[in-house]
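Enquirer: On the provided structure of chain A, position chain B as indicated by the hints.
Each chain, written out:
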Amino acid sequence: MSDTATASTLGDQVAAPAAGSRRNGRGLLTVRNGLLLVGLALMLLAPVFVEEFWLRTGFAAFGAIIGAIGLNLLVGTTGQLSLAHAFFLAVGAITYVYLSGEPGGTAEVIDGRGLPPVVGMVAGVLLAGLAGLLFSPIAARLRGIYLGVASLGLVFIGQHVLNTWTSVTGGFNGRTTPRFELFGFSFGRTDPELFVLGVRYGEAERLWYLGLVLAIGAFWFAKNLLRSRPGRALQTLRDSEVAAAVMGVDVQRYKARVFLVSSMYAGLAGVLYALSIGSVAPESFALDLSVLYLAMIVLGGLGSVGGAALGALFVSALPLVFQEYAGSMPLVSEPGQGGVSAGQAARLLFGLAIVLVVLFEPAGLVGLKNRFKRKGGSPGVDPTAEPTPSPTPAQGSTS
Amino acid sequence: MNTFLTLLLNGLSLGAIYALIALGFAIIFKASEVVSFMHGSLLLFGAFTIAKLNDSIGFFPAFICGVLATAGVGLLVERLLINRLRGAPLISLSILTIGVDIMMLTELTRRIGSDILNAGHPWGGDFVRIGGIGLTENRLYAMITAAVLIALFFTAFKFSSWGVAMRATAEDGETAALMGIKLGRVSALAWIIGAGLAAVAGLFLVGSPTPGVTPGVHAVALRAFPAAILGGLDSTGGALAGGMIIGIAEAMASGYQEQLLFLGRGFGDVVPYVVMILVLLVRPSGLFGTKELTRV
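Top to bottom, those sequences are chains A and B.
Counted the way this note's numbering counts, the first sequence spans residues 1 to 399.
Counted the way this note's numbering counts, the second sequence spans residues 1001 to 1296.
Among the clues, some could well be false.
Across the chosen pairs, the derived CB separations fall in these ranges [what the hints assert, rightly or not]:
#  : chain 1 : residue 1 : chain 2 : residue 2 : range
1  : A       : Thr30     : B       : Ser1114   : 39 to 45 Å
2  : A       : Pro103    : B       : Gly1264   : 36 to 42 Å
3  : B       : Glu1174   : A       : Val242    : 37 to 43 Å
4  : A       : Val321    : B       : Pro1211   : 35 to 41 Å
5  : A       : Val321    : B       : Val1128   : 51 to 57 Å
6  : A       : Asn33     : B       : Val1282   : 34 to 40 Å
7  : B       : Lys1182   : A       : Pro137    : 39 to 45 Å
8  : B       : Ala1219   : A       : Val246    : 39 to 45 Å
9  : B       : Leu1281   : A       : Val242    : 52 to 58 Å
10 : A       : Pro103    : B       : Met1001   : 44 to 50 Å
11 : B       : Arg1283   : A       : Arg253    : 20 to 26 Å
12 : B       : Glu1174   : A       : Arg56     : 25 to 31 Å
13 : B       : Val1282   : A       : Val48     : 46 to 52 Å
By construction, these hints were calculated from the structure, which means they are not laboratory data.
Glycine included, each C-beta is placed from N, C-alpha and C at the ideal position.
Okay, chain A solo, but in the shape it has when bound (with noise of 0.2 Å):
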């Protein structure tokens, strides 16, 4: 029985894109480029015409989006229980902070390399890769749930190491995180002053380009390996390690590189959250972060990449979206006032649409979409969705 069923799952998978663009036909398609162009436009516009405030919340979106897109190529297209992620990130954005920042601090003595930033941001991401490629021999000998449990002592672990070397993280105070700069142009300073329709461009306009353009990267990566041999080789891992194995997937090997990739785009996604917070301390990178992230792609919808993103989105700018109008929300009151804080409503409600989803929605936010995009027909089963978690044999027992 379980033959047929994933036999099945996979057969719709390979037809998938097959049918849908025949399906959507080229009217459609130029319609939805033309929403895109139109987008893109808007997005390189937006510094011109958006409050900083919401560039910044852009910016730390833009990384979230990138962490989120790699949590969910290892959790939700190769079905490997990761609460890992906030290690990975504390590893890029420490790296960063350690290779471009200048030594110094006041009560306890702080080590830096003052690297150019770009060296910093690609040797972060390069060493979450690494550490994620050194997890992965433990995590290739583990399953399911198994995994889940022990990539959580690697955040209790990574938080203890980073706490204790205090010269490269500046221990519990942290550091401060220095500023971005390409090939001589400063995305923290603004000494080439530069102004774009009369309107002032200073580090958040400046920063929101440079989110834009790595999650745009990072966004069209993600889709392309998914829809190449190794995208099907991860997902039918998820649906059948042994199906897998006889279809001749190198089960050890694909484990190991989804998670270098997946901690590859952790990396960045640290490098980009140290940029926009402005300092860094192992106490950001604790187990809630991962938490977060989880929170995010289970919201989107596992497995699609659109769908991280906009978890991503929403997990991030929130409470954040929250804090700004504290003031004039119902429910929701200025810290210190005993009520519901700004953080806390954020937080109870990403419990509660957790819940939520999984009960009534589990193909997330993307799900819901395609439910309204095909009106009338039966909710489910769409040639045109992206592939989504099938249910998995129960691990633990032998069935």
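Expert: Relative to the frame of chain A, chain B by itself:
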């Protein structure tokens, strides 16, 4: 030598508390195929309820109410959420419990605020000395209570009809259902027991040498995860062994902190995770867990 024995005894008592929590994980996992990531919140909820009710109705009634209330929350979660999703992937269900955990923890943290609530144990933080070795009264009672509860549990697990039903369900749910075992009832009872045990563990965890009920207790409860995983998630005996191993390792690492200073301050807090990863490297399904077999 006395230091060593004292640490060993303290480790055993801490391990007994961990074992109670880990046993809850194991039972819930066996009966409903869910890993409860919300155990930290359940435990905090139990301790919080006891501390809040203590002033008005006295300690022992408060204790009973706290355990019952926590068990009630467990039952509610099982009935309203878990039971409706029978057969859903394990990962989805576990993520669901994370969602519940976020909500409960946020609300409890808000209510506790920056206070340190006192659970009001009638026993103090006095040291009980046996020969040269000693531990606090709270930990001594923890050990005794845990021993009694665990003994009761294993007896029930072995002989009562519920125990038989539960073991049958864990072995093969479908066949058990065909034999007339109500899976829903087994799973509900497992959640009640698991949550109740967490509340009892919570009471002792917030007693001396811990200062009182703070949101930080949630993180302590998470250290019972390694205990459950280490022993093998689907093994009740393993939960017991895992709890003891983790408890002793943590007590030793904290006790010999000065000698272990090269590993950083507060290494005791992460020792459970280090031990867990080392064990999982050798035995991926834990010490006593059932090996996963795949039939094609």
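Enquirer: A separate judgement is required for each hint: does it hold in the structure or not?
Expert: For each hint, the structure was consulted:
1. Checked against the hint of 39 to 45 Å, the pair Thr30(A) and Ser1114(B) fails, with Cβ atoms roughly 58 Å apart.
2. Here the CB-CB span from Pro103(A) to Gly1264(B) is close to 22 Å, at odds with the stated 36 to 42 Å.
3. A hinted range of 37 to 43 Å is violated for the C-beta pair Glu1174(B) and Val242(A), which are about 21 Å apart.
4. Restraint check, Val321(A) to Pro1211(B): a C-beta distance of roughly 37 Å satisfies the suggested window 35 to 41 Å.
5. For Val321(A) and Val1128(B), the Cβ-Cβ distance of about 55 Å falls inside the hinted range of 51 to 57 Å, so the restraint holds.
6. Distance hint for Asn33(A) and Val1282(B): a CB-CB separation of about 54 Å, inconsistent with the stated range 34 to 40 Å.
7. A C-beta distance of roughly 43 Å is found between Lys1182(B) and Pro137(A), which places it inside the suggested range of 39 to 45 Å.
8. At roughly 43 Å, the beta carbons of Ala1219(B) and Val246(A) sit within the given window of 39 to 45 Å.
9. Distance hint check for Leu1281(B) and Val242(A): the Cβ-Cβ separation is about 23 Å, which falls outside the suggested range of 52 to 58 Å.
10. Roughly 47 Å separates the CB atoms of Pro103(A) and Met1001(B), a value that falls within the hinted 44 to 50 Å.
11. Between Arg1283(B) and Arg253(A) the CB atoms are about 23 Å apart, so this pair conforms to the stated range of 20 to 26 Å.
12. Look at Glu1174(B) against Arg56(A): about 54 Å separates their beta carbons, and that is not inside 25 to 31 Å.
13. In this structure the supplied range 46 to 52 Å is violated for Val1282(B) paired with Val48(A), their Cβ-Cβ distance being about 60 Å.
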